[in-house]
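So you can see what is in the structure, the chains are spelled out below.
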Amino acid sequence: MGSRKAWAAAAALLGALPLLFDSVLSVGILNQMLIAVLFALSYNTLLGQGGLLSFGHAVYFGLGGYVAAHALRLTELGSIGMPLVLLPLAGAAGGLLAALLLGSVSTRRGGTAFTMISLGLGELLAAAALILVAFFGGEAGISGDRTAGPALLGVNFARETQVYYHAAVWVFLGALCLAAFRQTPAGRLAMAVRDNPLRAQCLGYSAARVRLLCFLVAGTFAGLAGALFAIHNEIITSQALGTANAGQVLLMCFLGGTGYFLGPVLGAVLLTLCSALLSDYTTLSTLYLGLLFVGCVMFLPEGLGGLLVQLHARWRHGRLGSLARPLARCALPTAALLLSGVLLLELAAREGEVLHVAGLALQAANVWSWLGLAGFGAVASLLLRRELPALQAAWQQTGAAHISQGRP
Amino acid sequence: MSLLRLEQVSKQFGRTRVLHAVDLAIEPGECHAIIGPNGAGKSTLFHLISGLLRPDSGQIAFEGKPIHGLPSEQIARRGIARSFQISQLFTRLSVFENLRCALLWPMGYGCSLRHLLGREKALNARADALLDELGLQALRDVPAGELAYAAQRALELGLAIAGDARLILLDEPVAGMSHSEAAQALALIRRVTAERTLLLVEHDMSVVFELADRITVLARGEVIATDTPARIRTNARVQEVYLGTGAGGQSDA
Amino acid sequence: MADALLFATLNGLVTGLLLFMLASGVTLIFSMMGVLNFAHASFYMLGAYFAFSLSQHLGFWPALLLAPLLTGVLGALVERYGLRQVHRHGAVAELVFTFGLAFLIEELVQLFWGRATQDFRVPALLDFPLFTLFGQDFPAWRAFMLLLSLGIFAGLYAGLTRTRYGLILRAAITHPQTVANLGHNVPRIFMLAFGVGTALAGLAGVIAGPVLGTWPGMAASLGSLVFVIVVIGGLGSLTGAFVAALLIGLLQSWAIASSVGMADVLALLGVSFPPDHPLRDLWRLTLPQVAPLLPYVLLVLMLLLRPAGLAGNRED
Ligand SMILES: Nc1ncnc2c1ncn2[C@@H]1O[C@H](COP(=O)(O)OP(=O)(O)O)[C@@H](O)[C@H]1O
Ligand SMILES: [Mg+2]
Chain H
394 MGSRKAWAAA AALLGALPLL FDSVLSVGIL NQMLIAVLFA LSYNTLLGQG GLLSFGHAVY
454 FGLGGYVAAH ALRLTELGSI GMPLVLLPLA GAAGGLLAAL LLGSVSTRRG GTAFTMISLG
514 LGELLAAAAL ILVAFFGGEA GISGDRTAGP ALLGVNFARE TQVYYHAAVW VFLGALCLAA
574 FRQTPAGRLA MAVRDNPLRA QCLGYSAARV RLLCFLVAGT FAGLAGALFA IHNEIITSQA
634 LGTANAGQVL LMCFLGGTGY FLGPVLGAVL LTLCSALLSD YTTLSTLYLG LLFVGCVMFL
694 PEGLGGLLVQ LHARWRHGRL GSLARPLARC ALPTAALLLS GVLLLELAAR EGEVLHVAGL
754 ALQAANVWSW LGLAGFGAVA SLLLRRELPA LQAAWQQTGA AHISQGRP
Chain P
1440 MSLLRLEQVS KQFGRTRVLH AVDLAIEPGE CHAIIGPNGA GKSTLFHLIS GLLRPDSGQI
1500 AFEGKPIHGL PSEQIARRGI ARSFQISQLF TRLSVFENLR CALLWPMGYG CSLRHLLGRE
1560 KALNARADAL LDELGLQALR DVPAGELAYA AQRALELGLA IAGDARLILL DEPVAGMSHS
1620 EAAQALALIR RVTAERTLLL VEHDMSVVFE LADRITVLAR GEVIATDTPA RIRTNARVQE
1680 VYLGTGAGGQ SDA
Chain S
513 MADALLFATL NGLVTGLLLF MLASGVTLIF SMMGVLNFAH ASFYMLGAYF AFSLSQHLGF
573 WPALLLAPLL TGVLGALVER YGLRQVHRHG AVAELVFTFG LAFLIEELVQ LFWGRATQDF
633 RVPALLDFPL FTLFGQDFPA WRAFMLLLSL GIFAGLYAGL TRTRYGLILR AAITHPQTVA
693 NLGHNVPRIF MLAFGVGTAL AGLAGVIAGP VLGTWPGMAA SLGSLVFVIV VIGGLGSLTG
753 AFVAALLIGL LQSWAIASSV GMADVLALLG VSFPPDHPLR DLWRLTLPQV APLLPYVLLV
813 LMLLLRPAGL AGNRED
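Residue numbers (our numbering), protein chains in the order written: chain H, 394 to 801; chain P, 1440 to 1692; chain S, 513 to 828.
What the hints contain is simulated information worked out from the structure, not anything from laboratory work. From a predicted model like this one, the values you see are computed outputs, not experimental measurements.
Pairwise CB distance ranges, derived in the manner of DEER restraints:
{"hint": "1", "chain 1": "H", "residue 1": "F414", "chain 2": "P", "residue 2": "G1547", "range": "43 to 51 Å"}
{"hint": "2", "chain 1": "H", "residue 1": "W761", "chain 2": "S", "residue 2": "Q689", "range": "51 to 59 Å"}
{"hint": "3", "chain 1": "P", "residue 1": "D1643", "chain 2": "H", "residue 2": "L704", "range": "44 to 52 Å"}
{"hint": "4", "chain 1": "S", "residue 1": "V723", "chain 2": "H", "residue 2": "A527", "range": "29 to 37 Å"}
{"hint": "5", "chain 1": "H", "residue 1": "V760", "chain 2": "S", "residue 2": "D631", "range": "25 to 33 Å"}
{"hint": "6", "chain 1": "H", "residue 1": "R743", "chain 2": "S", "residue 2": "S771", "range": "45 to 53 Å"}
{"hint": "7", "chain 1": "P", "residue 1": "E1502", "chain 2": "H", "residue 2": "A401", "range": "49 to 57 Å"}
{"hint": "8", "chain 1": "P", "residue 1": "R1553", "chain 2": "H", "residue 2": "G408", "range": "28 to 36 Å"}
{"hint": "9", "chain 1": "H", "residue 1": "A572", "chain 2": "S", "residue 2": "S771", "range": "49 to 57 Å"}
{"hint": "10", "chain 1": "H", "residue 1": "G734", "chain 2": "S", "residue 2": "A655", "range": "39 to 47 Å"}
Listed below are several chain P residues computed to face chain H (Cβ distance under 10 Å; list not exhaustive):
{"hint": "11", "residue": "I1514"}
{"hint": "12", "residue": "I1519"}
{"hint": "13", "residue": "R1521"}
{"hint": "14", "residue": "T1530"}
{"hint": "15", "residue": "W1544"}
{"hint": "16", "residue": "Y1548"}
Sample of chain P residues with no beta-carbon within 10 Å of chain H, all distances over it, derived:
{"hint": "17", "residue": "A1614"}
{"hint": "18", "residue": "H1642"}
{"hint": "19", "residue": "M1644"}
Ideal Cβ positions, reconstructed from N, Cα and C, are used throughout, including at glycine.
Just chain H, same shape as in the assembly (with noise of 0.2 Å):
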């Protein structure tokens, strides 16, 4: 098999980052990233296998958190002494189990009543999270120390890349366990019963119970992310399980691409470090991934993972060359549309300071600031305008050369 290899490669590829980033933020952050993969991952088992759009995935990654971290803060108490390496195992089992309660209610039927359905459930169980103090821990939440569990061949936790290096074992177990999800009878069905429930069931296979199957699929998977998070951060609180995280995750599997295993993949790593790293320069690093995010559901629906399948084809056919005019043609206007178009939600955030750019001093309280930028903006977009159908042309010009070489 060559995805052999490329497993092989992958696990290679977590096992060197925290040599090639070892500060402790940016070990935090690949952390992060790849919780929030494990995430993206059993998120799509729903959405790109199955068909199911759900608003209500965080209840399980949440439950599962929640698991581990009443593990995490029993064993610093002393009642129980759970090795930290098989916490996982316990959200998994709490994940699977919020699943199971929840899952029968859910997926009777598909899409929009299922949406309808985990919109519900997830709005429920994040007010229910803030009455039940006892399980939920009220605003505070549950917290534990990770380092009171036994220590296992001397590693006991304190340090940030045993954290990591713990989440990757549990993340790559966790990723390879869906991949072959995807290859089974099962897996094949929830595929099926996506395209086409009717046809499903008049082969004899019961729509619901695929469905249900894939949800606890992704139910379980959901829960080890949820206990990998409160592992890392030691804590967890109800936002875990509320709709603002159940939408995060929906945009990193359309940003990456529904379509393709490693799509939300692409989008959890992409969506991470734009957040841990935009955060530093703006004030509006959530409002640009808005922005980013109803651009790519309406110009890429395929996601960033769908346009490097195309490029690639084109690679693969040596037609990337005849793109490469176009394209050139398009950047610059494109990178000064975008200039501009930052520049002024950045001045809008800012009144009163001044923005230094290329020499400029751009003001709030200016009204030639802002004239000056949307008339560069409008430049800008009426140049792309005059380009772009170029670019068009030749992608679809190429695209349909590639399909009919392809394709008999």
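Starting from the known structure of chain H, fit chains P and S with the ligands onto it as the hints suggest.
Same frame as chain H, but now just chains P and S with the ligands:
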């Protein structure tokens, strides 16, 4: 004993009566055609048999056991497979995957989590053999949603015949095909259903008279006649409601 | 007791009608385009913010008229240049688009107006207690909200059933192809309807802003509730949405006004639990506490027992 028996089956949508007191008996091994004008209720009849709709009254029995009221997947598992008038494919899966999905239940995999599809040699070999039989080998890896019409119809047929169903329902399998495509599809149908029972809805009279052992004529939701092709040709009531006046003149002669 | 019930009922009616103002737009848009507009409550928020800013320059009453118009125009633009583009990518993409839009609008509102609650007040003309009963005031503004929303429905109903545009619109909902064949511009009808729906949401925002607060979370606080109503009422049914909106408005209002709790029930049954019981939170629950959960409980129950909704006839 009949393989499939419908007794006094009725169905209405709101106030529209689509099927009224339909009696039908399908004998093992026969090829039974259902003909009737558009809107006669033929597709609805198939939906009732395959469990996508429930009859308002009446009984449907397969191999002597009642099946009306069972969910469609249970009916499929008892050995009734069907095709649709409008192709119902797994659009984003490849042609090969479509056929493989159709084979999972008959070959005992069900919703297994323990097998990896790539390693199941018997399964893949059977899917490939089916692909050959349908003449779709060249389109093996094309997503079903991107197929041309005739290839979609061939795959639709393939999904119906993939399993070991004892009774196969085909809803207008060759409608919309060119002459040569239809001839090919018919040869295929005859070949793969040789040992099985076939219930067929078809508009093309030449096809029906060539293929069917018996014919049932349905009009406005009621069974007008069930008989051999030769006798249906000369049945006065059938001519009246279905074959039109031109054919009516022939029967008088 | 009776006074509390009366006031709870009046407040419930006001909330219910407000919710229906939003739900009617969602329903209208869903029946036409098959899209559940997640961003609908965001237009409600925009209405409130627009009205707040406009009222500072022009006074409240012009703002009451202009803010919904502005919101509606914005909605129509979103339909024309956003949704129509996404429509080609399928239903999931559309839903996700409106979800992203809601996110974006919230961020933009924070960018332009900040995170704090705005000082958007009831206009002085209506800032007095309409009547006082059992020592409790009923503000004139709430009565105005009640009357205005009732007036809007009467207008909407008449518009949909009596006018030429209403007839074309209703026909376009069920038979878009036929209407197009008759020579009407269906995409433009859809754009207009989207504009009208969002304008209604904007109007709801204008009248709710002064009492429920004009803050960046106001969309999220109502958004999911509107969905619950649309689903409970039966996707696509205006009457169903009306009944469900009133039901939820009243239910929540009554629950908040009541003082019944689990403790009372347990006392009635003669059961008691130690104070440090692991399920102690459950035994101490009170009805006002669970009031925010009720709509969601109702939603789940409804989807289990009667999946098509109160008045729905659509099977997904
Ligand atoms: N889901 C439905 N709701 C209402 N009427 C239907 C429905 N399905 C079919 N019909 C009506 O039932 C009649 C029979 O349809 P059908 O069984 O498809 O006819 P046939 O396949 O013989 O052409 C038609 O008049 C059709 O309009
Ligand atoms: Mg038919």
